[in-house]
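Protein chains: 2
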Amino acid sequence: MSEKLNQLKEILGEVTDLNRAASVLSWDQQVNMPPAGGEARGQQMATLGKIAHEKSTSQEVGRLLDDLKNELSGSDSDDAALVRVATRRYDKDTRVPAEFVAEQAVVTTAAFEAWVEAKGKSDFSIFLPHLEKVVGLVKKYISFFPPADHPYDTLLDDYEPGMKTADVQKIFDDLRPQQVKLIKAISSAKQVKDEFLHKKYNEKKVWDFSEAIITKFGFDWNRGRQDKTAHPFQTTFSVNDTRITNRFEPGSPLATLFSAMHEAGHALYEQGSNPAYERTPLAGGTSLAVHESQSRMWENLVGRSLPFWEHFYPELKKSFPSQLDGVSVKSFYKAINKVEPSLIRVNADEATYNLHIMLRLELEIGMVEGKFAIKDLPEIWDAKMRDYIGITPPNVATGVLQDVHWSYGAIGYFSTYALGNLVSAQLWEKINGDIHDLDEQIRRGKFDALLGWLREKIHVYGHKYDPQDLVQKVTGSRIDSAAYVRYLTRKYSDIYAL
Amino acid sequence: MSEKLNQLKEILGEVTDLNRAASVLSWDQQVNMPPAGGEARGQQMATLGKIAHEKSTSQEVGRLLDDLKNELSGSDSDDAALVRVATRRYDKDTRVPAEFVAEQAVVTTAAFEAWVEAKGKSDFSIFLPHLEKVVGLVKKYISFFPPADHPYDTLLDDYEPGMKTADVQKIFDDLRPQQVKLIKAISSAKQVKDEFLHKKYNEKKVWDFSEAIITKFGFDWNRGRQDKTAHPFQTTFSVNDTRITNRFEPGSPLATLFSAMHEAGHALYEQGSNPAYERTPLAGGTSLAVHESQSRMWENLVGRSLPFWEHFYPELKKSFPSQLDGVSVKSFYKAINKVEPSLIRVNADEATYNLHIMLRLELEIGMVEGKFAIKDLPEIWDAKMRDYIGITPPNVATGVLQDVHWSYGAIGYFSTYALGNLVSAQLWEKINGDIHDLDEQIRRGKFDALLGWLREKIHVYGHKYDPQDLVQKVTGSRIDSAAYVRYLTRKYSDIYAL
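Listed in order, the protein sequences are those of chains X and Y.
Each residue of the first sequence is one higher than the last, beginning at 374 in the numbering used here.
Each residue of the second sequence is one higher than the last, beginning at 374 in the numbering used here.
The following block holds chain X by itself, in its conformation from the complex (with noise of 0.2 Å):
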């Protein structure tokens, strides 16, 4: 057996180490990328991910997987959570027939080019006959696996495995009556002052503060690094380099804090990974909702809070005197948490989020189903947005069409956005359990304990728990939004004086 496991581990690692040279290949494009070396990257990426496809659904792999299932099944070893992992990798990659996935690519890179054109133009006639046929080629991927409880759950299971359809309607029916009630009842209540927070920042005092927070963190400088792109996004080489890049929106200075937050949320939890899993489907996060639940608890449930401010606010005083003159600690709490029914998901705040994203799962369900045309779309998202955010978009713009996603086929991502919230949550309380002081803690800018936490109950598992089961395991009960729902209301409920 142990020779059987030494191949698969030979190839494994192989296809790690060309994933994760299309990763650098990626970050590289992102990050320092002369404007025409594009053309000649995407053929060098398609090219490792070509060979990365051959190796990783070779019948060789075929069998050694299924040799060494059967001698492995029922324990909790490693190397039994990897044979459970790379044969559901396998089993969906084969799955997929090659002509599929070149035809999804030339799809898909013509869609997401219309989706830039008609964004541009707020037009969704552009977008429409490439988003009809990406919805196309969702169906048919579906087809590809075994019928499921709903089609949805095939494209969930991608991004979320094991986790169905059913499970997350229930979860946000639950979620969805408590958080509108909590949203009218903010927008009756006094509303908080936030100006202090557009004024002009320089630039480079504001990184340098988000990489002093990140420090405290416990983000491994010798393991990682901070650099600027358009977008910001969290980046893995290794367990010993991972990266994560950041923006500065002269609009909103501070973001560029709290991004840094949420993606050093992100490599904390790869930079935690059991070094014993390099090379091998292990490494890194089990799923998008554990994941997320880690990036949204750095930059909320500690960044967002009093006593991170209580700790951190005197220094930003000082190197922002004028701009925060006369601003006291709780005004500034107050502001970077005010509640705003607003267009922009990525905008959201923590009160109105979820509701952004329960509103993108039905319609993709919709899709899925065939419930309505893709024409009808635009209609059907400025009524839901009214139902739920009470606002109405001008435009598609900064309606239908205000996400990436859809356009590069990636139907069955959103609700993971949300599920990391509410997973942020129970853990939170779990944490809150175990270590009494934590408050304390965060106000004296201490977070070593918290990270501590993390690392020995979630980070180093790596991918070896499915996400609902890593979530048991350590809360004592599956993915739900009761924990989350406390949290909101006890925080609004003292900004907004409820």
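None of these hints come from the bench; they were simulated from the model.
A hint or two may mislead.
One copy or any two copies: either way a pair holds, since identical chains are not told apart in the list.
What the hints assert, rightly or not - With a straight-line cut-off of 27 Å between C-alpha atoms, the simulated DSSO-like cross-links for lysine-lysine are:
no.: 1; residue 1: LYS423; residue 2: LYS377
no.: 2; residue 1: LYS601; residue 2: LYS577
no.: 3; residue 1: LYS377; residue 2: LYS428
no.: 4; residue 1: LYS601; residue 2: LYS578
no.: 5; residue 1: LYS428; residue 2: LYS382
no.: 6; residue 1: LYS423; residue 2: LYS382
On a predicted model such as this, the values are computed, not experimentally measured, just so you know.
Starting from the structure of chain X, add chain Y where the hints point.
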């Protein structure tokens, strides 16, 4: 035939993609990578190299090349050149067993580490056993190839295709007495002053000035960039993404300018390669010597000329008024061309540089022939230094241990540096025949005619012609030293009033 050609190009295209991806990983390692990232990066690069090697030495490639080379032989077409170049690489790659390559990797990795330590402690005995192993492997490498006129021919051919040991010896034998004579004459002349070159210069301003210069040369920033590394180098990811690196040494602050010109010379060659050669072995520069002819031309024949500084010096003086106060352009020109017999090759001036190379060539040939024991190398080195340059190294760190090349087995490489100098002067005479007012153009900061000439006569051909054939085609003669001696004599007769 065209179908076989397409099959070959498809495979070689993937091999190119893999090699270029490895170049991106290597560039990132030297420019960006956090300290702990090295182990995984090495593994990723090894996997890319292994797969590229498997693909390029496959039996399929062998069959395709066999079929195609008969059909295309004698043709001057690009396709015939591609098959010729690919066949040569295939023959070399398939002669060397994979186990040898693996053994070599292990030996040279250890040798490199030993060299770092030995140089640091200036203790040759630490490096000695490793160098003995390296030389043993080099001899074994030679044994995989058919006997040549001289065993060293096999090594030389890897770096300078078609060049023979006897050719290089003949060229160097002509050159040596003339360079030695010139240096003697210079040493008895009145010396030039250069203390203003060693004052404190602002790094950012020097860096910006270096970029202003290479922009005027025609370096295309849309297809390239300059970054900071420990040692300057140039690397290519595609004809549309060619990067250079540079450094700033406070001890010789303006060296940054000449490094930028040198590396930009390499990059201009790569940027000028025929775009139709992309993803084939014809892309890039034809040999190390021809590549070096380009870098040396822009650095020395252009960048250390009087007309060049008649254009740029007023601007330089504006940037550094106090450092260059009272220094005329002629004095500046003399200072940057100061001849000073010195220990270190990479810092050597144009008059002495080639002598450093000749010394190394003789020692390398001696090692391959087994003419002396490796343990006697330091002594032989010092004797030759006294003989050629007139000084004795005070220790091995500044003597026989100064260069990294032998530690990674690159024996046969050094001559290409000197050959590049010679070719640069041969081309320069030809260019001045074709562009009669070249000096005047340079004096006006105009480089487009020069770059246009190089593009048309050299750059566009990539690897199509072997180096000696290309030099013959362009200048009417093969590589020789006459033009370089004329250039040096004219230049230094003026500077030192000989």
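For each hint, the structure was consulted:
1. LYS423 x LYS377: Intra 24 Å, inter 21 Å, cutoff 27 Å: intra and inter.
2. LYS601 x LYS577: both (12 Å within a copy, 20 Å between copies)
3. LYS377 x LYS428: Classified as both: same-chain Cα gap 16 Å, cross-chain 25 Å, threshold 27 Å.
4. LYS601 x LYS578: both (14 Å within a copy, 23 Å between copies)
5. LYS428 x LYS382: both (12 Å within a copy, 21 Å between copies)
6. LYS423 x LYS382: both (19 Å within a copy, 16 Å between copies)
Checked against the numbered hints above, the structure violates none of them.
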